[in-house]
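> The chain contents come next:
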Amino acid sequence: MSTNCEKYESLFDVFIDNEIDENHSIDLKKHLDKCTDCRQKLELLRVTNEMMKEAFEEDESSLDVDQAWRNFDSKMDWGPTYWERIKNKFFKPIVWVPALCTAAIAIFVVTILPIQTGTKQMMISSVEEVSSTSGSTMVLKTAQSKIPLIMFFPDNEKEAG
Amino acid sequence: MTMKKNSILCIFMLLIIFQVCPENVLAFSSMNVKVEIIKATKKSNIIDPQLKDLANEIAPVLNYTGFKLAKKSEQKLTFGQTSEILLSSKRILKLTFKGFEENQGRLLVEIMEKKKKVFHTILLLVDKGFVLIGGPLYEDGVLLLRVGAEFD
Numbered sequence: 001m002s003t004n005c006e007k008y009e010s011l012f013d014v015f016i017d018n019e020i021d022e023n024h025s026i027d028l029k030k031h032l033d034k035c036t037d038c039r040q041k042l043e044l045l046r047v048t049n050e051m052m053k054e055a056f057e058e059d060e061s062s063l064d065v066d067q068a069w070r071n072f073d074s075k076m077d078w079g080p081t082y083w084e085r086i087k088n089k090f091f092k093p094i095v096w097v098p099a100l101c102t103a104a105i106a107i108f109v110v111t112i113l114p115i116q117t118g119t120k121q122m123m124i125s126s127v128e129e130v131s132s133t134s135g136s137t138m139v140l141k142t143a144q145s146k147i148p149l150i151m152f153f154p155d156n157e158k159e160a161g
Numbered sequence: 162m163t164m165k166k167n168s169i170l171c172i173f174m175l176l177i178i179f180q181v182c183p184e185n186v187l188a189f190s191s192m193n194v195k196v197e198i199i200k201a202t203k204k205s206n207i208i209d210p211q212l213k214d215l216a217n218e219i220a221p222v223l224n225y226t227g228f229k230l231a232k233k234s235e236q237k238l239t240f241g242q243t244s245e246i247l248l249s250s251k252r253i254l255k256l257t258f259k260g261f262e263e264n265q266g267r268l269l270v271e272i273m274e275k276k277k278k279v280f281h282t283i284l285l286l287v288d289k290g291f292v293l294i295g296g297p298l299y300e301d302g303v304l305l306l307r308v309g310a311e312f313d
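Protein sequences, first through last, are from chains Y and S.
For the first sequence, the working numbering assigns the number 1 to the initial residue and increments by one for each residue that follows.
For the second sequence, the working numbering assigns the number 162 to the initial residue and increments by one for each residue that follows.
Don't read these hints as lab results, they were simulated from the structure.
Here the structure is a predicted model, which means the values were calculated and not measured.
Virtual Cβ for every residue (Gly too), placed ideally from N, Cα, C.
It cannot be assumed that every hint is accurate.
[As the list claims (entries may be wrong)] Below, a sample of chain Y positions facing chain S; criterion: calculated Cβ distance under 7 Å: (1) LEU42; (2) MET123; (3) MET151.
[Unchecked claim] List of simulated lysine to aspartate or glutamate pairs, EDC-like, C-alpha gap at most 20 Å: (4) Y:LYS141 x S:GLU218; (5) S:LYS289 x Y:GLU128; (6) S:LYS278 x Y:ASP17; (7) S:LYS233 x S:GLU271; (8) S:LYS278 x S:ASP301; (9) Y:LYS89 x Y:ASP73.
[Stated by the list, open to error] Beta-carbon label-pair distances, calculated as ranges: (10) Y:ALA104 x S:ILE253: 54 to 60 Å; (11) S:ALA231 x Y:MET138: 18 to 24 Å; (12) S:LYS277 x Y:MET138: 18 to 24 Å; (13) Y:ILE107 x S:GLU235: 18 to 24 Å; (14) Y:VAL109 x S:ASN206: 41 to 47 Å; (15) S:LEU230 x Y:GLU129: 27 to 33 Å.
Same shape as in the complex, but just chain Y (with noise of 0.2 Å):
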């Protein structure tokens, strides 16, 4: 290879792309008429080139940026999410059915057992009026159930006794 043919070489990208001037443009094609080298390596510049450019073309068009991301995702093993991780920690089913049953119970000792047995405590009959003639009355409750009980005195059995 001669000191020329470097020269010369080193047009041969901007002579692909067009963007050569014209005076070299020139130049450079009496040479190429001469040097059967340079013009192989000419030509298989230009093929190399063209071959790319038309795999970068294709690549471009076919390109699903969120398919690839899906695969990409599906190859990575990221581990569970937030959500998936309190899921697990919490709403396992194993977990719920005794947790309910307790949750049930606890309901039925903290606010119904107590309303059921305050309502028995209150059924207990009561006097709402009580007067007499001939005597004196007295209401006293009983010892244990605190039932009512009226005294009855009447006069004349005051005066006997």
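For chain Y, the structure is supplied; the task is to place chain S on it using the hints.
Here is chain S on its own, set in the frame of chain Y:
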């Protein structure tokens, strides 16, 4: 798993029923009035087996030691209806049902002596509850009246 879910649902349903339907929501139309005439005395220690619970209630309040059931009467009364029970030769117990109010039945109790009212009280009786009336002297003790009711 479905069975477990169903059992939990059942528990909650029962709780809701307990909460929503208390026993006093039921409506009544009439009252079965039960009157027991009891002789209480200090001169005896004999307690009628039917009155053991009553004796335990009364003994600490009144110092009677003997309790004997002299008479038992049961009357079904509807609103405004009156019934009479003979207490002694000159005393009559008069019962008048005055109606229900919430979960209580109002009962007017009067003791008549020679057609003259000597005692009167209005009782608010709960279902299967009772009130005691004591005092009129009888032989060597007093008469106790246990006036109870069951609602229909």
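> Does each hint fit the structure? Answer for all of them.
Hints, one by one, checked against the model:
Interface restraint check for LEU42 of chain Y: the shortest CB-CB distance to chain S comes to about 77 Å, outside 7 Å, so the restraint is violated. Because the beta carbon of MET123 of chain Y sits about 5 Å from the nearest beta carbon in chain S, less than 7 Å, this interface hint is met. Against a cut-off of 7 Å between C-beta atoms, the interface hint on MET151 of chain Y holds, since the closest Cβ of chain S lies about 5 Å away. At most 20 Å may separate the alpha-carbon atoms for a hinted pair to count; LYS141 of chain Y and GLU218 of chain S meet this at roughly 9 Å.
Only pairs whose Cα atoms come within 20 Å are accepted, and LYS289 of chain S paired with GLU128 of chain Y is accepted, the gap being roughly 18 Å. Restraint check for LYS278 of chain S and ASP17 of chain Y: the C-alpha separation of about 133 Å exceeds 20 Å, so the hint is violated. For the hint pairing LYS233 of chain S with GLU271 of chain S, the CA-to-CA distance comes to about 17 Å; that is within 20 Å, so the pair holds. Proximity of LYS278 of chain S to ASP301 of chain S is assessed by CA-CA distance (about 24 Å); at most 20 Å being required, the pair is judged violated.
Note on LYS89 of chain Y and ASP73 of chain Y: the hinted pairing is violated, with a Cα-Cα distance of about 25 Å set against a maximum of 20 Å. The beta-carbon spacing between ALA104 of chain Y and ILE253 of chain S, approximately 56 Å, falls within the hinted interval of 54 to 60 Å. For ALA231 of chain S paired with MET138 of chain Y, a C-beta distance near 23 Å keeps the hint of 18 to 24 Å intact. The supplied range of 18 to 24 Å is met by LYS277 of chain S and MET138 of chain Y, whose beta-carbon atoms lie about 21 Å from each other.
Checked against the hint of 18 to 24 Å, the C-beta distance between ILE107 of chain Y and GLU235 of chain S comes to roughly 42 Å, which is inconsistent with it. A hinted range of 41 to 47 Å for the beta carbons of VAL109 of chain Y and ASN206 of chain S is consistent with their spacing of about 44 Å. The supplied range of 27 to 33 Å is met by LEU230 of chain S and GLU129 of chain Y, whose beta-carbon atoms lie about 28 Å from each other.
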